[in-house]
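Chemist: Chain by chain, the residues:
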Amino acid sequence: MMAASSRSQVISLYKAMVKASSRFPSYNYRTYALRRVRDAFRANGKVEDPRAVEKLLEEGQQMLALIQRQVSIGQMYGAQRTVVE
Amino acid sequence: MLSSGRTVSSRLLRPASWLPFRLCPERTAVSSMPKELIKKHELEKDELRPLYMDFQATTPMDPRVLDAMLPYHVNYYGNPHSRTHAYGWESETAMETARKQVADLIGADPREIIFTSGATESNNMAIKGVARFYKAKKRHVITTQTEHKCVLDSCRVLEAEGFTISYLPVQKNGLLDLELLEASIGPETSLVSVMTVNNEIGVKQPIKEIGQICRSKGVFLHTDAAQAVGKIPMSVTDWKIDLMSISGHKIYGPKGVGALYVRRRPRVRLEPLQNGGGQERGLRSGTVPTPLAVGLGAACSIAQKEMEYDEQRVSMLANRLVQKIMSEIPDVILNGDPEQRYSGCVNLSFAYVEGESLLMALKDVALSSGSACTSASLEPSYVLRAIGADEDLAHSSIRFGIGRFTTEEEVDYTAEKCIQQVRRLREMSPLWEMVQEGIDLKSIKWTQH
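Read top to bottom, the protein sequences are chains W and F. In this text, residue positions in the first sequence follow the numbering used here: the first is 1, and each later residue adds one. In this text, residue positions in the second sequence follow the numbering used here: the first is 1, and each later residue adds one.
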């Protein structure tokens, strides 16, 4: 069981990443980001080593910032909806 | 989000002028508009974007790639070859990091990577460059009939310069016969060029075995890996590849950039196509576009990390598509070897349906009947003809490209529309009717009039 503090950090990072990803205007980027974030957290769910958790959290924070930047760019140029939306 | 109610289908206009043969009773709706215009007009009316299912033509850029590139489009604009100031140094560092990322993906040394404008330039450079450098002693080049246009065209140029070129046929499954290759290599042969993954039918050539043969015969091996790099694991060391072409925009990177791997040991020498400032070891003069190189590097590094994840997903989606279509409609043929292939490229022939009509009918899905370079012509694909597909089947093929950003919904939608349209087109086809009545089409003597 990982420390309670890092557990809550992981959960809030996950929530923030899902929230940011869901704002991609492009259908394909949005669905990919949501899927990829979910699968990455699932794949790393068993990581116990505090140092590894720390490193993953750091990477996640960077990815969150990246998603937020790219969402802003996407919103600047708008996206038409596709036929499956 | 799923929006309801809006349908995209409407009756299709078909100008008779572009139909290669007369099959369709809808000929009354004749218009002089070219087909692209009609399709565009129809789409604008509906205000919805078609799905993208043409990942072999090009891929959307990964947001992570764009994010890596943007700083070099905004603040870091130095010339990476400037040695006298910080602007140059920071760009150079970025370029060298990118070079390492490309090299790591294919198991090469960064010094063996040359940045180019894309796979077409890389292919031209490799084929013409090697052949011309060794022309004093060796004047024979071997390639296959299913190569990309730029490889075949480079070979044509060499032919005009007096080289002998062997265009080897491939087997029915699209794969090269290794014994034929071995028998074709002579003392005059300088280069063998075989693509790793075919852009139209997705078959994966046995490059490792070909590399073995070429190395044992002392002949250089070039492979056009534009469709393979980043999608299937590749190693230039294990596969004994001497030259390899890479494209940025086929691996979720930017358009207008690519790379050529040129082996250092044993050394491969080539005559440059472009002369000038001597950048890229003198093999490709011209300033390296830092943002594009950074984008290619980022795309390679992401591809390396995501290869397994992407592969699992792409093959799952491809199976879903093929199974859905094949379970619903008969007489559908998967072109190319069913095993030795990259799963994201699905090339299907729908017998008794004309491919172009099907593409027109599937206007809310971006598809192609073959390579983008030849998509303007109605000629059947030379790749399909090379694998021995009958003329009618070559005319009825469609390539479905699946990639990193494809969703289950898109696959289902495409399959559903495809099934519906194939059924509709077959119903109005006199050929299909004859087949249903048990007439063998091959026995019919068609008369010209």
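Wrong hints could be hidden among the right ones.
[What the hints assert, rightly or not] EDC-like, lysine to aspartate or glutamate: derived pairs with alpha carbons at most 20 Å apart: (1) F:K137 <-> F:D104; (2) F:K138 <-> F:D67; (3) F:K305 <-> W:E58; (4) F:K417 <-> W:E85; (5) F:K445 <-> F:E391; (6) F:K135 <-> F:D153; (7) F:K137 <-> F:E188; (8) F:K305 <-> W:E85; (9) W:K55 <-> F:E306; (10) F:K442 <-> W:E48; (11) F:K138 <-> F:D104.
Worth flagging that the hints you see were computed from the coordinates, not collected in a lab.
Chemist: Hints first: check each against the structure and report whether it holds.
Modeler: Hints versus structure:
no.	hint	in the structure
1	F:K137 <-> F:D104	violated (34 Å)
2	F:K138 <-> F:D67	violated (47 Å)
3	F:K305 <-> W:E58	holds (17 Å)
4	F:K417 <-> W:E85	holds (16 Å)
5	F:K445 <-> F:E391	holds (15 Å)
6	F:K135 <-> F:D153	holds (18 Å)
7	F:K137 <-> F:E188	holds (7 Å)
8	F:K305 <-> W:E85	violated (29 Å)
9	W:K55 <-> F:E306	holds (18 Å)
10	F:K442 <-> W:E48	violated (67 Å)
11	F:K138 <-> F:D104	violated (32 Å)
The structure fails hints 1, 2, 8, 10, 11 (numbered hints given earlier, in ascending order).
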